[in-house]
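*Asks:* Modelling step: build the complete structure from the supplied sequences, incorporating the hints.
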Amino acid sequence: MTPTLSKRLAALEATRTAAPVRLTPEETAEAAHQYEAYLSEPMDPDPRAAAYWATVTPHQIAADYDAMLKGAPAPWE
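My numbering puts the first residue of the sequence shown at 3, with every later residue one more than the last.
The set of hints was computed from the structure by calculation and includes no laboratory data.
Even glycine gets a Cβ: it sits at the ideal position worked out from N, Cα and C.
Among the clues, some could well be false.
Between beta-carbon pairs, the in silico distance windows are [stated by the list, open to error]:
#, residue 1, residue 2, range
1, ALA64, THR6, 31 to 41 Å
2, LEU7, GLY73, 38 to 48 Å
3, GLU38, ALA76, 24 to 34 Å
4, SER42, PRO75, 37 to 47 Å
5, TYR67, LEU11, 28 to 38 Å
*Replies:* Structural data, given as structure tokens:
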């Protein structure tokens with residue numbers, strides 16, 4: 003980090019009004035449990051998508067993404 007950036011970060015941290023969150027081990031475990039409950043079940047990877055990502059170029063990714071934003075299906079579908 004540059005000295006100027008270090009000074010600016012130190013100044014920002016010095017003016018911080020909120021105290022850092024300190025959780026007990028029980029609260030940490032409960033937060034982890036709640037987070038895991040919100041996660042969806044992982045899906046099996048689509049072999050067509052894996053083949054696409056293994057062979058595509060960044061230029062093609064950009065073009066495909068633009069097409070998908072306009073309503074086109076994913077290239078591997």
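*Asks:* Okay, which hints does this one fail, numbers in order?
*Replies:* 4
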